[in-house]
Amino acid sequence: MAPLLFWTFQSLAQAAGLEAFQRPQTVPFPEDAPYNREIATLGKMLFFDPRLSGGQNISCSSCHSPSFGWEVPVPKARGAAGTPIRRHTPTILNAAWITPLFWDGRATSLEEQAAAPITAPDEMNATFEGITERLSAVEDYRIWFDRLFPGQGIRKESVLKALAMYQRTIVSGVASFDRWVEGDETAVSDAAKRGFALFTGKANCASCHTGWMFTDNQMHDIGLPTSDLGGGGLVPPDPGQNFRFKTPGLRNIVLRAPFMHDGTLISLEEVIRHYSAGGNAGIARTSDIEGFSLEEGDTEDLIAFLATLTDTGTNVPTPILPAN
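Going by numbering that gives the first Met the number 0, the first residue of the sequence shown is number 0, and it counts up by one from there.
Keep in mind that a hint or two might mislead.
Simulated restraints, written as ranges between beta carbons of each label pair [said to hold, decoys possible]:
(1) E30 <-> L233: 36 to 42 Å
(2) E18 <-> S135: 47 to 53 Å
(3) R141 <-> K201: 22 to 28 Å
(4) A322 <-> P72: 26 to 32 Å
(5) T317 <-> E128: 26 to 32 Å
(6) N314 <-> E268: 36 to 42 Å
(7) E268 <-> E128: 46 to 52 Å
(8) K201 <-> G129: 50 to 56 Å
(9) V234 <-> A19: 34 to 40 Å
(10) T168 <-> S226: 32 to 38 Å
(11) Q24 <-> R77: 22 to 28 Å
(12) A119 <-> T98: 31 to 37 Å
(13) E295 <-> E184: 21 to 27 Å
(14) V173 <-> R141: 37 to 43 Å
It should be emphasised that the hints constitute simulated quantities derived from the structure, not laboratory data. Remember, predicted model here, so these are calculated numbers, not experimental data. Even glycine gets a Cβ: it sits at the ideal position worked out from N, Cα and C.
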């Protein structure tokens, strides 16, 4: 491939806008749910507690594992009944900045999002009546809820508020890309710098994967051969959203295989081939992507860049859960 003459971040990012890739300094919380450390701690316990599922055999963390970028390394996770769920598990990393939520964009808040998998028959298959009964049988949970939600105690709304509070604290750590953004030219390799130039240039990945999380938070048809209508399958149906799915962020992406809403692309190499080919819909429909030519070394350079978006040393200890 032709040599790249200027590899500094300032020169490569000038057209894309340097500020667009800088990490935010604070985490956004709703005005009616400001950050509360104790509520977040309670939410973490609930997130890892299998008593939130109907069979008391899986938790939120069963599908959203911190070891795999808050996803699971299979195309489709299995729910409480042991059957595969409908789509690949989306990450909840940096959930405080994500809206709308779910692959089909059907939820507008984390509180709304948290309720759906808990009650879905193919996922956690629970009812909030059952959850309230099980948690109320645990003395420590009664103490936590009575103190943090006075006058409410253990009920659907307080459970969802605690879960949402914790999920907003799940933020990707500083990666080598971030150090490069701040001016450390030694933080990433020359291959990664070439990959960034491709990402924001010829490959045009940044048209959808933009900002510090590398997502536009929009819905797109990326030409996957699928019968899943995505955003068009909601009620009421919107044919204009057929086959459109939410753009996922790319932080910690190397930990999050397989990829796409159905988990059909098992490696970043396959993802790059899919996009360079302009998609592979197999049916007549408009796609939001256009193909691009790959020269020797381009795929490796793109992957080298994507690897710089992964943080290091992030450890999420499993909480000690209250005993019955």
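Broken hints, numbered, in rising order?
-> Failing hints, ascending: 1, 3, 6, 11 and 12.
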